[in-house]
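J.: Join the two chains, each given in its own frame, into one complex according to the hints.
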Amino acid sequence: MKIKWAMLAAIFTIVTVLTGCEPLAVLNPKGPQAETQADVIWLSIGIMLFIVVAVFAILIYMLVKFRASKQSDDYEPPHIEGNVIVESICVGIPVLIVAFLSIVSVQSNYEVESSPEGYGEKEPLVVYASSSNWKWHFSYPEQNIETVNYLYIPTDRPLEFKLYSYGPITSFWIPQLGGQKYAMSDMVTTLHLAADAPGEYMGRNANFSGKGFAENTFNVKAMPQAEFDEWVDEVNNTADPLTEKEFDQLLEPGHLGQLTFKGTHLTFLPPPSAENGGHNHGSGSADKHTEMSGNSDNESDSGHSDSHSDEEHSDH
Amino acid sequence: MDFFDRFAIPHPSPIIYASMVAIGLTVIAIVAGLTYFKKWGYLWREWITTVDHKRIGIMYLLSALLMLFRGGVDALMMRAQTAVPENTLLEAQHYNEIFTTHGVVMIIFMAMAFIIALMNFVVPLQIGARDVAFPRLNNLSFWLYFMGAMLFNLSFVIGGSPSAGWTSYFPLAGNEFSESVGTNYYMLAIQISGIGTLMTGINFIATILKMRAPGMTLMKMPMFTWSALITNLIIVFAFPVLTVALAMGTMDRLFGSNFFTTSDGGMDMLWANLFWVWGHPEVYILILPAFGIYSEIIPTFARRNLYGYKSMVASMVLISLLSFFVWVHHFFTMGQGALVNSIFSISTMAIAVPTGIKIFNWLFTLWKGKIKITVPMLYSLGFLPIFTIGGVTGVMLGMSAADYQYHNTMFLVAHFHLVIIPGVVFAMIAGMTYWWPKMFGFMLNERIGKWTFWFIAGGTCLAFFPMFISGLDGQARRMYTYSEATGFGIWNMLSFIGALGLAAGFILIVYNVYYSTRYASRDIGDDPWDARSLEWATHNPVPEYNFAITPQVNSSEAFWDSKKNGHKLFKGPFKEIHMPNNSGMPFIMSILFFVLGFALVFSLWIVAIISLIGVFACLAHRSFEKDHGYHISVEEIEKTEAERGGAEHENR
Ligand code: HEM
Ligand SMILES: [Cu+2]
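If you're matching them up, the sequences are chains S and W in order.
Residue numbers for the first sequence follow UniProt numbering, beginning at 1 and rising by one.
Residue numbers for the second sequence follow UniProt numbering, beginning at 1 and rising by one.
Treat the hints as calculated values from the structure; they're not laboratory data.
Among the hints, erroneous ones may be present.
To be verified - Calculated lysine to any residue pairs in the SDA-like style (CA-CA distance at most 20 Å, straight line): (1) S/211 x W/603; (2) W/368 x S/225; (3) S/122 x S/225; (4) S/162 x W/338; (5) W/368 x S/80; (6) W/368 x S/72; (7) W/370 x S/69; (8) W/210 x W/176; (9) W/626 x W/584; (10) W/450 x W/520; (11) W/639 x W/549; (12) W/564 x S/80; (13) W/368 x S/84; (14) S/211 x W/549; (15) W/564 x S/75.
Note that this is a predicted model, so its numbers are computed, not measured.
Pulled out of the complex, with its shape left as it was, chain W reads as follows (with noise of 0.2 Å):
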């Protein structure tokens, strides 16, 4: 192809011109609102630069919202033209490129974002820390997550977006098949945000085995600590090999290697068997966080302790070392006989044993409890049966003789849905309903709220249920259309409804963060849910210090036991206070990264090289900097104290 004419788009449509419209008139009115607003220096001081993980965690959340949006109206497009047989909204590789980006849009930049938004605002919040344990390192994973993330969609606009499925299994998405800068795209963004996603998993392990408060043992860590703890083990273990993957794939691209081609000694599987060795980590990388969000909302609202603690972390050990161990059972259909399928069918339903566990502990935590309905215990009771039917569908795609007609259907689109989008989307939307007056200083509105859960709850089970039954029938999943005669119509008719409730719901929660910006109550107390872990002992918002005196834990619900029992928090008088310095580096770096990635796609070297030289020199400018941070004094600290209810602080 000519040079430039792989920077165009290969397949324009009028809805793809109109979407570059938009960016380009929102990037334009984002630039002149900061110009007109003079935000620049503000944001670039307090926001691009911050080294605060709870500032992080606020970017992480607005970008994974960001992304929902993207993800969602690609959900949307792809259930709009399979509503009704032979549509013709969508032509065959444009809806291919949607369901690709779909995927990794969801996958990789809301759900890990989500997930990472979470556990940067709270994990060191429940531990007792003042921050992660490397900072500057937490930014960088920030920009480079992204970085990726805008890499990505702009295939969108400049040269095509990837088309081979966000498995991107090979051959198909060689350069042979796939002849567009899609799928280079789908390679190199994803490494980049990957490497960022990896530096949050070495940074959360250090914070949390370092720096817990004086008292805490590991049996007396918060649920979501643990949960976070386990997470970012299996990312530390799982990411490499995705790392790898991607490396071998962008070289078969770019540079004419044949490790996954159909000739010259290449194997189509091994790409099937990396993607998977990380994916099905990944997938527990997605749930986990979500596992831990629930155990800390049932007992808030049960106003009870969690039921089973020890079998808890029992059970979530357990299944991040099983899911190393079934990669398998996502291509039972390679051929590879009856002895390996049975293997791997064993120890994918043996999953299910630990999974059970959890499951049962929640029910019984609700136990002679004192259940309080409100939106963020609506989504952990709503989570229970829609969860545990997507579970037991995994269970049923577990068999794997049965799998065989289960595999690459509609079947497995339902049970993937069904586990994903209760466990991982109602957690984060419960996790951040629960922890907004953390992060903001007030609180959602509860009753559109309720609504919200009501449309998203329905939403689900009305898309995802039918394709149950469209699966068994015979409905292949990535079809972009079918014939009248097959009968699929009405499912996925209804499932098209089921995803514009979906919809709604999502437009609702927008709504109401904007609603409850404007009219909610700032006014709310340190503690409004009644909440019984650290975070809550700090105030609303949380200061840049999180603790003015770091806390003395004496059990795994150490602030309720300071409200109930009389346990002392915190002893002794302010002392100064040492923090981390912003910088700039680490989005510099991400620039760089970003332009390496862009032109690596395109191939273009020179330009490659430059800011592949850049990186290093940020690296070795790092290496030689001095920079010790600075000191809040006792004044500050006490100014700080008294404006936000420090007396409360002192009885303690």
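Just chain S, same shape as in the assembly (with noise of 0.2 Å):
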């Protein structure tokens, strides 16, 4: 009884999603990692799903076969230890299972800690997109324009997203495009991404950073390069520039719309150096305020990112 309605509900949730009116957000990706992503896990539902089978069988099987009911009264089971070839079954086929998901795994995890392939000599466009209570600040050096709480991309190119945070861990997610990776506050963490479709996708921060959390949303818009060029251009003539003041206003708690600015705050505001494990120890550094304290890897010049972070700490 109980095992056949488990077994209703498990096929319904399994066809309602397969059929679902539209198709759920990371199964239907727009961007190759994605991609990856959703293979994976279709795979992984695949094989997880034959396990399942495989125990509900069994189980319905001794039910059936071995309750007292369908016995005699002066029935009395056996004794019976282990069984070596039995129990080595029941060890090898989990150990191949695993053994396949490791390989798979371990491929797609090289392949999502990569920038996508297939989009021949084009360079990554490079993104900084940092997060502050409880906005995303979008910042494109190359273009020198930075945007608050929505993104454009162009489509078939490599993105490299550089991921920091001005506060609590937070968890930069566009789910139709790849992944989440988190953006931390003392170092710089990279998600390569990519979109293959033009569109308007969903972006949030997923980790829990506080009262502003679940509004903290930003709107992804995928355009091919052409358009996306004619925006920067339109930006660069259109928007005013960022200035320190500016954005300190901006980091302030809160929730903003959607703004857009000339210039980026990497110029006066570098972000934290270390990349990738690097982290800033307070050690060797004459500054203590290693959270800004810049060297080798940024651009800018130290001494001047330190001056500012001394006023960033004065604002908490």
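T.: See below:
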């Protein structure tokens, strides 16, 4: 009874996923990274379904066959120790499955962690995405423009997001383009994405970051390169420049609509210097405000950035 | 903030005021009731100061049920808030506090207490011991846990609850972004109860290794005892990490250190790492005793021995080792790169192998059996399919590239509830029902119990299956609201209905306890389930000394052997029994810990220092105290045995 019910529920779930009126965001990829992930997800759903069905089948068989009500009163179940062959099969098959999944997992790890291929010689577009309570700031250093809470990207070109946070750990996520990655205050992480189809996508912070977390979303619009260039030109011609003072105000906790600026905050407030694992441990650095203390990697001179980090701190 | 401001609730609402009044009235009613019926002395002598593992187990059980209720109300409020888009039942801050306390209460104060309750009650009986190795320490463990739980629950009426999630990630949980005292409560309450848990770990390892009945070699221990041994080993290795992490967090919040802050060399990732180095083993601390319980119940009602005893033991040992090498899977998305993720992805999925062995062994235990479907068995049979679904989704999460898409979404929420609920909650209800006659001398009603099961199992499926879908559709966890356009509404509504089903189930459990206490037969004999292991060889309810004569054991199913194969469990005449004395000291010390915790939460340094000195004074007092316990005379044993049907005893 119970089993049939659970089985029905499981089938119902799967059928809904398969036939849902609109495909689910994660399973409706619009870029190569999301596609890799969707493939892995489908593959693992398939294999896992096989295991679930096997367990359900054995359970139902046992329950149908060996119920007390089906047996004579004087039946005494035998004493059975383990059986080496049976147990080897129970270990062997899962080991094979896990081994296979491990190969898939390692392969896909390297895929999603590298710049997507198949776009010829195109250089990736670098976008610095930083979060502050509860907004996203997108800086385009090459184009020298910055937006708040919306992201325009060209299609058919690798995208390289540099993520960091002015505050709690957040997670940058555009489900239809690919999985998420954390943005943290003391290092920069890199997320490789690309969009294959023009369109509008939902982006958000996926990692809980306090009161305004639910609304911590942004709009993503993917468009052909030509259109993107047009937009960049337009911004460069019409938008106000982003001043340091203005940016400090933007960092104040709260929600903002969509904003557009000429210039980026990277010039006066460079991102945390170390990348992927090289944290600032405070040692060896004369400046104690390691959060901002610039060294080697970033373009701007560190003396400049230090004075601003002081200002930044006095804000809190 | 002003001195007194900190004690006020930062975000008061009518619900909170109503609960304050309710809590106040309940306390007054309890105090008045105890005074009126002159029960203070009884409570002090028989319960508060008790060193009897059975009574301590029952106190843990009651506290766990209380916390289940508290955590359940939190859950219902969350599901109600998200049942429809743009709901305004709760505001953001309040919702955040609720999911934080829900997680902490359910894991630390409900699930942990529940497993320790059953370990306390059952393990000494299963190994034929008179008590645990350190009975007074056991009492201290309980009171530290209890005071930690009370301190944590106090946050809700004094000063405000923590709101940074049960994982309490820094820097969000630091002073900069969490100004209220809520997170201080988190750090200190969990610390205090964690110390208690660590002591339980040491206590049970010593008990199981040193106090088994003659003949019970390690490989003849009942499976629940095995699971308890492994669990307590994990506790002893994992909890110190939590202790250190909490101490560092406390220092950041109270003394301005910078372990996890965003500036001055602090590292927010360090907290995440320390937390999960404890946190992942912790989920196995919860699940292994549950595995042990199912390994007792399934053979009993399949009327067959457990299939593959040795591989059951081996798989638990393997799980416990592996559980320390997978913690990074909780933050594959932290940017540590493909190599590190690959290593942890493989170690994570590897855990599925020993877990799978256990599932198959339970299934094969049914083979050629004679399956009788009782309430405990029903939960065990319901556990198998639902847990399998939870487990395989765990493997899906373990595929790190794909986890970038599942992480922080409702898909993850579905996974861990579908392992923890059939794993821990079903097992606890099953175990409670199974051992209830041993604890109280009557059985819980089977008819109500079966109804309860269907509500709980159906509710679980309905509440959590839809989350797989909304998660894959992009619903992040911990969102207090969402817009209609997202299309999440329908899934969350289904989930809310499921939660109502679960709530109905839990209410039925309470009703069942009430109903059975009133109407159930007290004449059930010593072995109402026709069970197999040693705890059923003594009386219902169990005399304070457990076994009049220490049993002689020859197999992992010693009691079954004595029933079917004529093995003689109890040899020789009654002898005087040496028992430990009760003590009020652990309770007093725990009160001091409570005061210490409260004082630290609010930075009341003088009070804190005085109570800390008090704690040390208690320790010193204990070191110089001479207490040789007392003896139960042979006449007294004979009398008790005769009263509870001792004749049967001597026949064996
Ligand atoms: C087959 C075995 C299992 C595997 C492979 C597995 C895998 C995972 C993975 C990879 C995550 C992290 C996902 C993410 O954050 O994106 C996770 C989360 C979690 N799992 Fe499991 N799991 C397994 C069994 C269990 C069991 C038995 C329990 C508890 C009894 C459990 C409880 C949890 C909890 C509580 C979380 C999330 C905690 C949080 O972030 O709040 N898991 N699991
Ligand atoms: Cu884990």
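J.: Determine for every hint whether it applies to the structure shown.
T.: Results of checking the hints against the structure:
| no. | hint | verdict |
| --- | --- | --- |
| 1 | S/211 x W/603 | violated (25 Å) |
| 2 | W/368 x S/225 | violated (68 Å) |
| 3 | S/122 x S/225 | holds (11 Å) |
| 4 | S/162 x W/338 | holds (17 Å) |
| 5 | W/368 x S/80 | holds (9 Å) |
| 6 | W/368 x S/72 | holds (13 Å) |
| 7 | W/370 x S/69 | holds (8 Å) |
| 8 | W/210 x W/176 | violated (50 Å) |
| 9 | W/626 x W/584 | holds (15 Å) |
| 10 | W/450 x W/520 | holds (16 Å) |
| 11 | W/639 x W/549 | holds (14 Å) |
| 12 | W/564 x S/80 | holds (16 Å) |
| 13 | W/368 x S/84 | holds (18 Å) |
| 14 | S/211 x W/549 | violated (62 Å) |
| 15 | W/564 x S/75 | holds (14 Å) |
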